[in-house]
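Please arrange chain B on chain A, whose structure you already have, making use of the hints.
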Amino acid sequence: MQGLEYSVDIAFCIDATGSMSSIINLVKEWALGFHDDLNAALKAKDKHVDTLRVRVIEFRDCYVDGDNAFRTSEFFHLPEQSEAFASFVKDINASGGGDPPESGLEALAIAINSDWTATGSKRRHVIVVWSDTSTHPLEMNAGSKPSNYPQDIPETFDQLTDLWDGQMGMSTSAKRLILFTPDAESWTDIQNHWENVVHYPSKAGMGLSDVNKQTILDTIAQSV
Amino acid sequence: MPIQRPFLTVDIAKRPDRGEDAPPLVLVGTGCQLLAVFDGLGGAGSQLLIDAEGVAESGAYRASRLASREVKRFFCCNGERTSLSATQDLAARLRERLNRAFDQELARFKRDTSPLKGSLIKRLPTTMAIVHLQHQAEQRHLCRVFWVGDSRAYLLTPHEGLQQLTIDDLREPGDAWENLFNDSPLSNVVSEKPGFTVNSSELVIDEPVVVLVATDGCFGYVGSPPQFELLLLEALEVSSTMEEWQARLQEGVSGITGDDATLAAVLLGWNDDFLKCRAAFRNRCEVLMNEQMLITPDSDQDHLWGALDARREWWERYKPTYEAYMPPREPEQ
Numbered sequence: 001m002q003g004l005e006y007s008v009d010i011a012f013c014i015d016a017t018g019s020m021s022s023i024i025n026l027v028k029e030w031a032l033g034f035h036d037d038l039n040a041a042l043k044a045k046d047k048h049v050d051t052l053r054v055r056v057i058e059f060r061d062c063y064v065d066g067d068n069a070f071r072t073s074e075f076f077h078l079p080e081q082s083e084a085f086a087s088f089v090k091d092i093n094a095s096g097g098g099d100p101p102e103s104g105l106e107a108l109a110i111a112i113n114s115d116w117t118a119t120g121s122k123r124r125h126v127i128v129v130w131s132d133t134s135t136h137p138l139e140m141n142a143g144s145k146p147s148n149y150p151q152d153i154p155e156t157f158d159q160l161t162d163l164w165d166g167q168m169g170m171s172t173s174a175k176r177l178i179l180f181t182p183d184a185e186s187w188t189d190i191q192n193h194w195e196n197v198v199h200y201p202s203k204a205g206m207g208l209s210d211v212n213k214q215t216i217l218d219t220i221a222q223s224v
Numbered sequence: 001m002p003i004q005r006p007f008l009t010v011d012i013a014k015r016p017d018r019g020e021d022a023p024p025l026v027l028v029g030t031g032c033q034l035l036a037v038f039d040g041l042g043g044a045g046s047q048l049l050i051d052a053e054g055v056a057e058s059g060a061y062r063a064s065r066l067a068s069r070e071v072k073r074f075f076c077c078n079g080e081r082t083s084l085s086a087t088q089d090l091a092a093r094l095r096e097r098l099n100r101a102f103d104q105e106l107a108r109f110k111r112d113t114s115p116l117k118g119s120l121i122k123r124l125p126t127t128m129a130i131v132h133l134q135h136q137a138e139q140r141h142l143c144r145v146f147w148v149g150d151s152r153a154y155l156l157t158p159h160e161g162l163q164q165l166t167i168d169d170l171r172e173p174g175d176a177w178e179n180l181f182n183d184s185p186l187s188n189v190v191s192e193k194p195g196f197t198v199n200s201s202e203l204v205i206d207e208p209v210v211v212l213v214a215t216d217g218c219f220g221y222v223g224s225p226p227q228f229e230l231l232l233l234e235a236l237e238v239s240s241t242m243e244e245w246q247a248r249l250q251e252g253v254s255g256i257t258g259d260d261a262t263l264a265a266v267l268l269g270w271n272d273d274f275l276k277c278r279a280a281f282r283n284r285c286e287v288l289m290n291e292q293m294l295i296t297p298d299s300d301q302d303h304l305w306g307a308l309d310a311r312r313e314w315w316e317r318y319k320p321t322y323e324a325y326m327p328p329r330e331p332e333q
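First to last, the sequence lines map onto chains A and B. Note that the first sequence ends on residue 224 in the numbering used here; no numbers are left out. Note that the second sequence ends on residue 333 in the numbering used here; no numbers are left out.
Only chain A is shown next, with the shape it has when bound in the complex (with noise of 0.2 Å):
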């Protein structure tokens, strides 16, 4: 058997507002195991990951939680340093955020803008996003954006959606973008227009069924 040797990079933003207290838990849960259940089902294809990294974006709402907004990770080498992304995740606490909507949308721009690998003969670069509710529209306060606003986040959810289709260190044949999100604000248009997406329309993943966790992870795993 020849076997194809992949370079994996998997992005989890994680909502981490108040309002996700009664599910953070399984989520970080679900976060720390993804990888090696992507792992077996790229194995099961004979598709052997070379080499694996992670990175964890955890956010709430940048209009009310100031610093508290946004807490990023580079990208862990795994399994190498499993034990500091795993303290990473293990420090993801659910509070703040105020009402809803909160802002998974910049979350998703910073995944996106992640240093993807360039290396290895084939690739897979994963964004993974929880979330119990709708996003802020990118446009909102335009040109008076809080101090904490993350830098390079388009303006508009058309410019975010050009970033999707043409960032450079994400290719066509490795980006795949699941979503265990509410069909709510944003996240029901990305799931009708954008490329490569899977949404599991819900609570930040809540209910998912063992067979439907393994069609994510096929569909992953797979070309198409």
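Please note that a few of the clues may not be correct.
As the list claims (entries may be wrong) - Simulated pairs of lysine-lysine, PhoX-like, Cα-Cα distance not exceeding 20 Å:
id	chain 1	residue 1	chain 2	residue 2
1	A	K43	B	K14
2	A	K203	B	K117
3	B	K14	A	K45
4	A	K45	A	K203
5	A	K43	A	K122
6	A	K43	A	K213
7	B	K117	B	K193
8	A	K213	B	K117
9	A	K203	A	K213
10	A	K122	A	K45
Said to hold, decoys possible - Ranges of calculated distance between the beta carbons of each label pair, as one might list FRET restraints:
id	chain 1	residue 1	chain 2	residue 2	range
11	A	A44	B	A56	44 to 50 Å
12	A	N148	B	D17	53 to 59 Å
13	A	V211	B	C77	36 to 42 Å
Unchecked claim - Partial selection, computed: residues in chain B whose CB lies under 10 Å from chain A:
id	residue
14	G42
15	Q47
16	L48
17	S58
18	G118
19	S119
20	E172
21	P185
22	A247
To be clear, the hints were calculated from the coordinates, so they are not data collected in a lab. Idealized CB from N, CA, C, for every residue including glycine.
Same frame as chain A, now just chain B:
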């Protein structure tokens, strides 16, 4: 020794009886033959579809078989009409038939068995590659090719080797070498969603020739495109009958593939004498084996197919003939 049946098929399922490729389709009519393969897409179509009897199968499994059934009915029902129709008209009619059939099929299943949505999710996705051969004159055939996705049709001749007749429908199109590594999503698949296209082309071919269709499980796990031809010819070289060639190919593809794999081939010419066919390809096989031996094993990666640069150089030499019959690419929109 005359060949009883000048066809062979390869049918490999990674999970026995659960293969998402449909069994290869071979039809023989008066003055015509048809070969077809169908690759149900296990990623996009891995959701289970449950019918009224409670039978659950993946969308990929069902789609490949549904497409196979419809292609069989289409060409069987249109016998003489097929001969008289323009290839592009046939492609358009086939697309309409598949569209209708996939739509009707979906109604058989319980709705909303899966809540998953998005562009990567299709309920009944499959590729297909079909070759319809129509005898025209002594030792001459009209070869019509229909395809959707990345399943391929090829000619295999003693002098020109393997020649691809289809163009992979990929979002990031490349040549056969690039497509081995790019792992691009498909831009066109047969599914319940409207908007797919049945590509078509036609050419006149002269005997002797082997015509084949294959899914990516056959050609997608080699180190370079010429090594797929070598796999075909090495299996031929050590066989004494068509059945033996089929068995060797089944074994050879099983040994390298990480996917379901199907292939169908027909041998045209050589007075239906398998040993004559084998003898005709002997020189070509030796040429390829010598090329293979020239590839120094890559000590860093210990790659069984040979060093990457050497394979790429081999491909560059091989490419012009390999692509000689490929239809022109559509300009990008």
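Check: Among all the numbered hints in the text so far, which are the ones the structure does not match?
Finding: As far as the earlier hints go, 4, 11 and 22 are violated by this structure, in ascending order.
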